[in-house]
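Enquirer: Could you put the whole structure together from the sequences, leaning on the hints where they help?
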Amino acid sequence: MHSLKIEKLRQDTPGCSQVLHLNNAGASLPPIPVLNAVKNHLDLEANRGGYEAADYHFDQSEQLYQHAARLINCDPEEIAFAENATRAWEMAFYSFKLQKGDKIVTSVCEYASNYLAFLHRAKQQGVEIVVIANDETGQLDLEDLEKKLDEKVKLIALTHVPTQGGLINPIVAAGKIAKKHGVPYLVDTTQSVGQMPIDVQEIGCDFLCATGRKYLRGPRGTGFLYARKSIISQYEPPFVDLHAAQWIADNDYQLRTDARRFETWEQNVAGKIGLAVAIHYALELGISVTWQRIQILAAQLRERLKTIKGVTLQDLGKNKCGIVTFTCKNKEPVFIQEQLRKYHINVSISLQEYARLDLAKRNLASLVRASVHYYNSEEEIEKFCETLESVLHQPM
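Numbering (UniProt numbering), first residue to last: 1 to 396.
Do not take every clue at face value.
[Said to hold, decoys possible] Derived CB-CB ranges, DEER-like:
hint, residue 1, residue 2, range
1, Arg220, Pro395, 33 to 41 Å
2, Gln246, Lys147, 30 to 38 Å
3, Leu242, Tyr343, 47 to 55 Å
4, Phe58, Arg220, 20 to 28 Å
5, Lys97, Ala360, 30 to 38 Å
6, Lys176, Leu242, 33 to 41 Å
7, Glu77, Leu242, 15 to 23 Å
8, Val334, Asn40, 33 to 41 Å
9, Ala112, Gln66, 41 to 49 Å
10, Arg70, Gln394, 42 to 50 Å
11, Pro395, Asn363, 43 to 51 Å
12, Ala133, Arg220, 33 to 41 Å
13, Asp75, Glu128, 30 to 38 Å
14, Asp250, Glu77, 26 to 34 Å
[Said to hold, decoys possible] List of simulated lysine to any residue pairs, SDA-like, C-alpha gap at most 20 Å:
hint, residue 1, residue 2
15, Lys154, Gly101
16, Lys320, Ala299
17, Lys154, Pro197
18, Lys154, Ala122
19, Lys147, Tyr94
20, Lys103, Phe118
21, Lys176, Gly101
22, Lys154, Val130
23, Lys329, Gln314
If you are wondering where the hints come from, they were derived from the structure by calculation, not from laboratory data.
For every residue, glycine included, the Cβ atom is placed at its ideal position computed from N, Cα and C.
Expert: Dropping the structure here:
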């Protein structure tokens, strides 16, 4: 598809008639094909049984691997299904054998769950966390990254787009530095996959995690992990079951040779099928096409917010995406969120504890986060801003 038929896409999204949804970086509104796929499988489970339904829809669930591989330009055997991006990320991260004195290099904008895992291993194994400085635009400083790489660095773990703003980090350039120094590279694309083109060959990462519920418009409780096939055999998952490994002798086991060694046997089959359908839906529209529209809408939103007295945009970075963050003078973000909800407008809040290194440094306790998707309309952007102006005049 070379152009988007916005009204048709909105008709294909039941939630568009119910809410003005600007919380796509939290969880997007799913389209009808995704809803139907999940409902149909749950109906089959109810009428035939869970195992039997999984057998009947086996081919549909297997399509997840083909579609995800096409989405990020890899082979299907390099994809593992996960219950969320955090679990996918953890399965990769905790497969690294780290010891006292080893270093993990990361960025200022890192998400809380990832950084807590760094702290966990620092406490458990005595590893050192090395944080790359930001450059003058607010994105990670590539020169500082290169300076901080030495023989003790065992992992570079970076977030593509942070939870707390529209910044797009230069993960391709960082990947070239990682390759030059021979350091394994783990990338979190939770906020970017489905929003913009992602190519693991271009990025040069060894592992990459993604979620289904955000810009891919898939079900909650779904995600996937990419593991580069040339290095899979070097990394054992932090735990295994009879799906990840085969019990070959009383005292021995053999791990799968593909990325599914990072999966477990019990899975949300309805969610897995729904994610496969969601990715296919995105691919049929064309990620580059939808990304262009997201950028246009985000730019419109930022420009309109600049005209509202008392509103301060808080996005960093040379390049920005569909996530727009701001604060309002004398109005707490949670108040803004609650008041907008009365008008059936959805936004989210980024708290300092979600990205402590970044937000504490900027002296920000919280932010309002409005995140656009391609199915949002220009009229919705204007309605949102008009309503926000009205809310700003209301007493707290």
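Enquirer: Now, for every hint given, state plainly whether the structure supports it.
Expert: Consistency of the hints with the structure:
1. Arg220 x Pro395: 33 to 41 Å: About 35 Å separates the Cβ atoms of Arg220 and Pro395, which means 33 to 41 Å holds.
2. Gln246 x Lys147: 30 to 38 Å: Roughly 45 Å apart at Cβ, these two residues miss the hinted range, so it is violated.
3. Leu242 x Tyr343: 47 to 55 Å: Distance hint for Leu242, Tyr343 holds at roughly 51 Å.
4. Phe58 x Arg220: 20 to 28 Å: 23 Å, holds
5. Lys97 x Ala360: 30 to 38 Å: Holds, at about 32 Å.
6. Lys176 x Leu242: 33 to 41 Å: This hint holds: roughly 40 Å between Cβ atoms.
7. Glu77 x Leu242: 15 to 23 Å: 19 Å, holds
8. Val334 x Asn40: 33 to 41 Å: 38 Å, holds
9. Ala112 x Gln66: 41 to 49 Å: 33 Å, violated
10. Arg70 x Gln394: 42 to 50 Å: 48 Å, holds
11. Pro395 x Asn363: 43 to 51 Å: For Pro395 and Asn363 the Cβ distance comes to about 25 Å; the hint is violated.
12. Ala133 x Arg220: 33 to 41 Å: 35 Å, holds
13. Asp75 x Glu128: 30 to 38 Å: Given a distance of about 34 Å, which is inside 30 to 38 Å, the answer is holds.
14. Asp250 x Glu77: 26 to 34 Å: Taking Cβ atoms as reference, Asp250 and Glu77 lie about 29 Å apart, which means the hint holds.
15. Lys154 x Gly101: Given pair Lys154, Gly101 holds - Cα atoms ~10 Å apart, limit 20 Å.
16. Lys320 x Ala299: Holds, at roughly 9 Å.
17. Lys154 x Pro197: Violated: Lys154 and Pro197 sit about 28 Å apart, past 20 Å.
18. Lys154 x Ala122: 13 Å, holds
19. Lys147 x Tyr94: Answer violated: Lys147 to Tyr94 is near 26 Å, above 20 Å.
20. Lys103 x Phe118: 10 Å, holds
21. Lys176 x Gly101: Cα-Cα ~25 Å, so violated.
22. Lys154 x Val130: 11 Å, holds
23. Lys329 x Gln314: 13 Å, holds
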